[in-house]
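Asker: Read off the chains here:
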Amino acid sequence: MTGAGMPAGATAALATGASSPENVERAPVFDAARLALSRDLTLAFRKRGQLIQPLAFFALVTMLFPLAVSPELSRLRAIAPGVLWVAALLASLLALEFLFRDDAYDGTLEQYALSGQSLTWLLFAKTVAHWLLTGLPLALMAPFAAMALGVSAAAVPGIVLVMVVGTVALSLIGAIGAALTLGMKRSGALLALLTLPLSLPVLIYGARATELAIGGSSFGAPLELLAALAVLAVTLAPLAAAAAVRISLE
Amino acid sequence: MRWTWFHRLASPPYLYALAARLTPWFAWPAALLILGGLYAGLVLAPPDYQQGEGFRIIYVHVPSAWMSLMVYVTMGVAAAVGLIWRMKIAHAVAASCAPIGASFTVVALVTGALYGKPMWGTWWEWDPRLTSELILLFLYLGFMGLRAGFDDTQRADRSGALLAIVGMVNVPIIHYSVIWWNSLHQAPSVMRFGKPAMPPAMLVPLLVLLLGFTLFFAAVLLVRVRAEILQRERATRWIGETLRA
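Top line first, the protein sequences correspond to chains A and B.
Basically this note's numbering = 1-based index in the first sequence + 8.
Basically this note's numbering = 1-based index in the second sequence + 21.
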């Protein structure tokens, strides 16, 4: 673990009263969450190679379709929303394995659970960091993939907006699956089996909103449903992920 | 002490004996209801004026589809009881539910495909009900896969229970998003259940079979729970004494 020095420092900072264990004065939840967030971002930028992997995977999956289906842009345009969303779903699934794995190995998650801070908030912060590092870049890259599939540039703002909202929900749903499979040796296929069925509503509304955005029509209705899913995921998924992490630490 | 019956259920020897005593009380009525319902449905009920004799497959398809959902809810409730009150036996019940529910789901999918051939002309149509049923099968497989992934029974129990609860929250969301998805693409659907037009000669066998399948599930669940208890408690003394007796 290359960044082992860093987590120890950040974890100590989470319980600010470390110098006087009796009268522990805890940092407010938001400070702790912010520290966890900045720690994850710092660690990620020290291993930049990992950051590019999901993006490269996304581009690669998108490239498979012209090769497998047809290079005609008119046909590709018709399937573009589905291609973008399937590629995004698979890329975010691939990235999920890194969400908690390193922190489970080096004991950081255990320290989080023992820190007295709300584990729910800390895991939410971790998931937000994960989204900033994978979901947001995917959403920003999607327009390029879309244009390569023959979509007009006018649809770009719509595609980015839908992708931003959808990847939030995907990251949070995925966090539950990643927390449940913590400590398993070969969790890849199982993670997909757990996460994909739960992600289907996101896929349905996301692909529909993207389709409408590409067609130039109003995509408010599916986007609102997608946003509702994202809000529900923000509210409930961190609780479930925290419960799963606690179970894995028992 | 109104809750003693509930606490006594948490004791493996008590539940093991109770399950053994209760099994015939569910198994025999289930057998009678299923045989009677099948006779009434397959022989006595008149053929449908549109679908002919082919409609009779609903007498297996609808109860299986109904049970696939009901077993999932049973599993989720048992899992929640196990997680909240730390009742190990409830986890054993949840674990026993999964293979039964997955089997009902497979039966519903296969009979749905068989039904689709004469009605739609294809084995598979992306009908919202069949699609939801397929997703439900993956939810069951995920639950069983997660449990199988852990060597430690307690970890498997608690992680699986959490997944079952998450799944229970998601089942309605998934179901309605699939219906919404289907309404966009307007696949021509011949199948229309739930219309009140069904005459009693067709409806009564269906209700009889629904009840029969439910009791059958209860009987199979009791047998599976006993097997699960035997496996979990294999190191205890009471198992040895019970089996020798």
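Among the hints, erroneous ones may be present.
[Unchecked claim] Once the Cα atoms are required to be at most 16 angstroms apart in a straight line, the calculated EDC-like pairs of lysine to aspartate or glutamate come out as:
#: 1; chain 1: A; residue 1: 193; chain 2: B; residue 2: 172
#: 2; chain 1: A; residue 1: 193; chain 2: B; residue 2: 173
#: 3; chain 1: A; residue 1: 193; chain 2: A; residue 2: 105
Bear in mind the hints are in silico, worked out from the structure with no lab data behind them.
Model, not experiment: these values are computed from the prediction.
Asker: Each hint should be assessed against the structure and marked as holding or not.
Answerer: We went through each hint and held it up to the structure:
no., hint, verdict
1, 193(A) x 172(B), "holds, 11 angstroms"
2, 193(A) x 173(B), "holds, 14 angstroms"
3, 193(A) x 105(A), "holds, 11 angstroms"
Comparing the model with each numbered hint stated earlier shows that all of them hold.
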